[in-house]
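Protein sequence lines correspond, in order, to chains H and R.
Position 367, counted from 1, in the first sequence is what full-length UniProt numbering calls 367; the numbers after and before it change by one each time, with no gaps.
Position 179, counted from 1, in the second sequence is what full-length UniProt numbering calls 179; the numbers after and before it change by one each time, with no gaps.
Because the hints were derived from the structure by calculation, they are not lab data.
Just so it is clear, CB atoms sit at the ideal spot from N, CA and C, and this is done for glycine as well.
The reader is advised that the hints may include incorrect statements.
Partial pick of chain H residues on the chain R-facing surface, computed with a CB cut under 10 Å [said to hold, decoys possible]:
(1) C24
(2) T48
(3) A68
(4) C109
(5) G300
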Amino acid sequence: MTLADTKPQALDFECETGNYHTFCPISCVAWLYQKIEDSFFLVIGTKTCGYFLQNAMGVMIFAEPRYAMAELEEGDISAQLNDYEELKRLCLQIKRDRNPSVIVWIGTCTTEIIKTDLEGLAPRLEAEIDIPIVVARANGLDYAFTQGEDTVLAAMAHRCPDKAPVLEAEKKERNAISTLLNFGKHKDDVATADSEYHDHPPLVLFGSLPDPVVTQLTLELKRHGIKVSGWLPSKRFTELPVLEEGYYVSGVNPFLSRTATTLMRRRKCKLIGAPFPIGPDGTRAWIAKICSVFGVEPQGLEEREAQIWQGLEDYIQLIRGKSVFFMGDNLLEVSLARFLIRCGMTCPEIGIPYMDKRYQAAELQLLEQTCSEMGVPLPRIVEKPDNYNQIQRIKDLNVDLVITGMAHANPLEARGISTKWSVEFTFAQIHGFTNARDILELVTRPLRRNHSLKDLGWDKLVQEAASV
Amino acid sequence: MKLAYWMYAGPAHIGTLRIASSFKRVHGIMHAPLGDDYFNVMRSMLERERDFTPVTASIVDRHVLARGSQEKVVDNITRKDGEEHPDLIVLTPTCTSSILQEDLENFVERASMTTQSDVLLADVNHYRVNELQAADRTLDQIVQFYLEKAKAKGELPEGKTAKPSVNIIGTTTLGFHNHHDCTELKRLMADLGIEVNEVIPDGASVHNLKRLPQAWFNLVPYREIGGMTARYLEDAFAMATVDIAPMGVVETARCIRRIQQVLNAQGADVNYEDFIDHQTRHVSQAAWFSRSIDCQNLTGKKAVVFGDNTHAAAMTKILAREMGIHVVWAGTYCKYDADWFQEQVSEYCDEVIITDDHTVIGDAIARVEPSAIFGTQMERHVGKRLDIPCGVIAAPIHIQNFPIGYKPFLGYEGTNQVADLVYNSFTLGMEDHLLEIFGGHDTKDVITKGISADSDLAWTADGLAELNKIPGFVRGKVKRNTEKFARDRGFTAINVEVLYAAKESVGA
Ligand code: SF4
Ligand code: SF4
Chain H
1 MTLADTKPQA
11 LDFECETGNY
21 HTFCPISCVA
31 WLYQKIEDSF
41 FLVIGTKTCG
51 YFLQNAMGVM
61 IFAEPRYAMA
71 ELEEGDISAQ
81 LNDYEELKRL
91 CLQIKRDRNP
101 SVIVWIGTCT
111 TEIIKTDLEG
121 LAPRLEAEID
131 IPIVVARANG
141 LDYAFTQGED
151 TVLAAMAHRC
161 PDKAPVLEAE
171 KKERNAISTL
181 LNFGKHKDDV
191 ATADSEYHDH
201 PPLVLFGSLP
211 DPVVTQLTLE
221 LKRHGIKVSG
231 WLPSKRFTEL
241 PVLEEGYYVS
251 GVNPFLSRTA
261 TTLMRRRKCK
271 LIGAPFPIGP
281 DGTRAWIAKI
291 CSVFGVEPQG
301 LEEREAQIWQ
311 GLEDYIQLIR
321 GKSVFFMGDN
331 LLEVSLARFL
341 IRCGMTCPEI
351 GIPYMDKRYQ
361 AAELQLLEQT
371 CSEMGVPLPR
381 IVEKPDNYNQ
391 IQRIKDLNVD
401 LVITGMAHAN
411 PLEARGISTK
421 WSVEFTFAQI
431 HGFTNARDIL
441 ELVTRPLRRN
451 HSLKDLGWDK
461 LVQEAASV
Chain R
1 MKLAYWMYAG
11 PAHIGTLRIA
21 SSFKRVHGIM
31 HAPLGDDYFN
41 VMRSMLERER
51 DFTPVTASIV
61 DRHVLARGSQ
71 EKVVDNITRK
81 DGEEHPDLIV
91 LTPTCTSSIL
101 QEDLENFVER
111 ASMTTQSDVL
121 LADVNHYRVN
131 ELQAADRTLD
141 QIVQFYLEKA
151 KAKGELPEGK
161 TAKPSVNIIG
171 TTTLGFHNHH
181 DCTELKRLMA
191 DLGIEVNEVI
201 PDGASVHNLK
211 RLPQAWFNLV
221 PYREIGGMTA
231 RYLEDAFAMA
241 TVDIAPMGVV
251 ETARCIRRIQ
261 QVLNAQGADV
271 NYEDFIDHQT
281 RHVSQAAWFS
291 RSIDCQNLTG
301 KKAVVFGDNT
311 HAAAMTKILA
321 REMGIHVVWA
331 GTYCKYDADW
341 FQEQVSEYCD
351 EVIITDDHTV
361 IGDAIARVEP
371 SAIFGTQMER
381 HVGKRLDIPC
391 GVIAAPIHIQ
401 NFPIGYKPFL
411 GYEGTNQVAD
421 LVYNSFTLGM
431 EDHLLEIFGG
441 HDTKDVITKG
451 ISADSDLAWT
461 ADGLAELNKI
471 PGFVRGKVKR
481 NTEKFARDRG
491 FTAINVEVLY
501 AAKESVGA
């Protein structure tokens, strides 16, 4: 899956290397600790990291959740203290108090700058205190926002069992997950259950999604006789999916390029590069691609897509012909833009913190195709945008809707520009057919709000002629 | 290394940026990695700020690390100078980037050769101080910079204002109810016939700082921010300082009397006694509230107080002195200024706790099981888990501390707000009475309580009918207590007998 496979890029890419706002990648602990129920995340950093998690994420560390800061103090930074002993003390305390199945160390900018050898320390400590320790360097020097999840999943990919346990009684079982799923069922049930699937090589999906969405996407593939053998991450660390050489893998999110690379290079899995299952168009393309790789003829896929589009029509009427501008925040931008263009919007600019053209190749191709089919110009894709310049462009272009990080939403609204927070798309359930409407529910909300307030004349709520 | 779940005060750069972005036409530049620029989010989201936060992160990434930051930082300073034409640019590292130990002072010098605006490096030790201390320091630094500059140029205005006047020092963006406090203080000063010379830093222009010495005195309402500036003005310009937080009826009066003293010492002839008396007895509702039957029911109730120095000390005094509430312990997270707090509150509470460890505070609350807590958002949360009401009186700030309506904590309107807060925090009157009958205030068995929400116990028809007769606002509590009783005694169904047995057992 390289760019060379696709037709020459007509898309205009540029890198502004500007000052832009996004969240720190360590924010991924906020959703990953909930997803992986037996985990504990230890963020090894400064007060700045801790205050970020406490404050900006709005996830106040109240009920002593399964994450904490290992706050580096002066002695740690000046290397007077021994990292190993310090981390051992903290991890023993965590083990005693919370007893997780895994401790995930999140490295930060500080551990990068002072060159703490987390990868070197972890195996020793793991052996000594007998608890798995996974190291992810989700720091803000190298990554943006959602890429934090990528670093964690890439690290976890190493921990997936590489051999399906073969149980005496159920030799047929291909892997641990289905063994668990079928636990307690009669043999006959299991056999019937399996016959609903085509015989295809095991498929493991990667990307952290809320449990209902995991079920939805799994069932969506099941309609076509495709069996999902497991998800990375799983609900429990102890239930990570088996990854044997030659297994197929596919990502559900655009920010998981390191995980994809790790799965291919280190675990020798085969990556199915597809557009991401976001919006009915993306979901259809994603399923179709997986089917085609397994030589399976999709069953009623187009009908299902068409039916979903029908259910969106009332919302689409609100946005058709309007323009949307992505300032760039969570790396979901291309997929969302592609879906919204399919809905009839135009998109002059997609800002994005980081663009992996290889991992996103199929998505970019679908974007191009969508633009040409809808007869709208291609967006320019601006990597590491400069927010100040973007705001000038937003004003020049007079866009109808700006998808933006939290720092700019209120000031833009005060200047009469409708906004939606990009983080909402990170946390909302947006994947698959079922949730397409939820994307539009978010996208149309400012427009519906404007409609209900339109007669009040409260468009501009700042005094100076918007001195941005 | 220490294991940390929660911080009462943020890192130093937050304090510096709070000061910088409070001023008008001052731009903050953060020399920091990408994820550190959440100050902008806090300001625009928590404070619902309409303007773009005048703070730019000059991003440190791998590339910059390899090449050194100088070029980037200087570029960003120069660029903002051209784009926004601020009066002043304040450069600050975060605690993360300060580890790089770069010569930022030198960057600032380089940049200021070409900029129109002044450029300052925030002179804060990011390893040693927290948000509040850094804010205090940065304000002092900026004030000194402009006063020394004016002095050197011979631009300092001579003498004092004709009428008595005041500088209000310490009102900042992202401060706890600061905007409302400031409005209230301005009203109070107007009532006292005192002109407000300057309010700093919120909404102030750095060019007006040279006017500071014209005021008759400096009012520093918050212990945390403004003290250093006032001390500088005292030393350099012999200005008087009033640093009594006018919070609560008694302290407000004390503050006003101190102002009177300061003014009269400079040749004014003011007497505020009638004003104080009139406000206290007829205008503020707080003194009357203390006297009313509602407050009588509070007598001797147990409360605990925790917060920053200013608010925790004032609240302790209000509860103990003005409302007859028994403050079991009072605490502060301003460890660096603990002596002051000890001295202020010792006589009004049984015990003083100085810590910035929220688990110590959580345990201390559980230990004394007070009827109400006055603390931060953290204590509010602890209170939720223990089912003890909590009034929030101090930062760390939360969007709830930026109410749309007018809710000052200072001055006479502040006394009303605080009285409301106290009253609403205790469960009172009818509700309290019923809770006593049915054994409310259960704070012991939190876990069972959680489970009993969706009950494993069956209620019989008559039991349920009886339960439904209990007023709605206590029904949930009665239900839980009864179920707990039933569970303890091994009943599987609750009928009217069990319901009243529960009541009786509690009475026993
Ligand atoms: S950018 Fe770096 S220092 Fe800042 S919060 Fe993220 S990991 Fe911590
Ligand atoms: S001691 Fe550590 S956390 Fe505190 S300000 Fe310094 S670097 Fe930041």
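Status of the hints after comparison with the structure:
1. C24: holds, 2 Å
2. T48: holds, 5 Å
3. A68: holds, 5 Å
4. C109: holds, 5 Å
5. G300: violated, 40 Å
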